[in-house]
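Chemist: Taken in order, these protein sequences are the chains called W and P. When the count follows the working numbering, it moves up by one through the first sequence with no breaks and lands on 115 for the last residue. When the count follows the working numbering, it moves up by one through the second sequence with no breaks and lands on 226 for the last residue.
Think of the hints as simulated: they come from the structure by calculation, not from any bench. Among the hints, a few may not be true.
Below, in silico cross-link-like pairs of lysine to aspartate or glutamate (EDC-like), each with a Cα-Cα straight-line distance of 16 Å or less [unchecked claim]:
hint: 1; chain 1: P; residue 1: 218; chain 2: W; residue 2: 44
hint: 2; chain 1: W; residue 1: 68; chain 2: W; residue 2: 57
hint: 3; chain 1: P; residue 1: 213; chain 2: W; residue 2: 11
hint: 4; chain 1: P; residue 1: 213; chain 2: W; residue 2: 57
hint: 5; chain 1: P; residue 1: 218; chain 2: P; residue 2: 130
hint: 6; chain 1: P; residue 1: 117; chain 2: W; residue 2: 44
hint: 7; chain 1: P; residue 1: 218; chain 2: P; residue 2: 160
hint: 8; chain 1: W; residue 1: 103; chain 2: P; residue 2: 160
hint: 9; chain 1: P; residue 1: 157; chain 2: P; residue 2: 198
hint: 10; chain 1: P; residue 1: 213; chain 2: W; residue 2: 18
hint: 11; chain 1: W; residue 1: 68; chain 2: W; residue 2: 11
hint: 12; chain 1: W; residue 1: 78; chain 2: W; residue 2: 30
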Amino acid sequence: DAGVIQSPRHEVTEMGQEVTLRCKPISGHDYLFWYRQTMMRGLELLIYFNNNVPIDDSGMPEDRFSAKMPNASFSTLKIQPSEPRDSAVYFCASSLAGGLPVKQYFGPGTRLTVT
Amino acid sequence: QKEVEQNSGPLSVPEGAIASLNCTYSDRGSQSFFWYRQYSGKSPELIMSIYSNGDKEDGRFTAQLNKASQYVSLLIRDSQPSDSATYLCAVVMNRDDKIIFGKGTRLHILP
Chain W
1 DAGVIQSPRH EVTEMGQEVT LRCKPISGHD YLFWYRQTMM RGLELLIYFN
51 NNVPIDDSGM PEDRFSAKMP NASFSTLKIQ PSEPRDSAVY FCASSLAGGL
101 PVKQYFGPGT RLTVT
Chain P
116 QKEVEQNSGP LSVPEGAIAS LNCTYSDRGS QSFFWYRQYS GKSPELIMSI
166 YSNGDKEDGR FTAQLNKASQ YVSLLIRDSQ PSDSATYLCA VVMNRDDKII
216 FGKGTRLHIL P
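Working from the sequences, and respecting the hints, build out all of it.
Modeler: What follows is the structure in structure tokens.
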């Protein structure tokens, strides 16, 4: 299996622009997670899906952030409009049934820089 | 008190020695605890999970949990240069089942 795939790997954009991050989970995994990692705040869970349905989005920082999972093999995280403080590494992870305590497989991450 | 606290390091340990990484958490009712390893520029990788008080061993790694003291640790025996990484402690909070990560401890194994 190719593992969790994320694109792009790097994104540089200007403040105010829309940013879309993409994730393809491991085939057969029921759960998909979006995380953000910064030096200041560490690794934070933003939202997670079970069978394509958002279960908990309380970690989404504000209305500028939205996430979708239209099917079992694809998810997006969108930031509109982007701000410099959104600069971070965004990870997508997936896992088999069982929820948060089950082993999660992380993608390589997308490094976002907002200038 | 922060929800999950770790010393940021760096922690320098000679090759072959035991590396000891510590983590404290605030939610006394928490039941699930994890250690992730993250190499520089890479994604986190789960290496240990522990749910009961006491020790859990897996190869050179031992996780230790003391719920009364709200303390979880990771021991790495016979440390190797390849163990040099940041180690993240993660706790599932009892109050809302959310997983909270510590900011990690940077470990450097000296050849």
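Chemist: Quick one: which hint numbers does this structure break? Sort them smallest to largest.
Modeler: Violated: hints 3, 5, 10, 11, 12.
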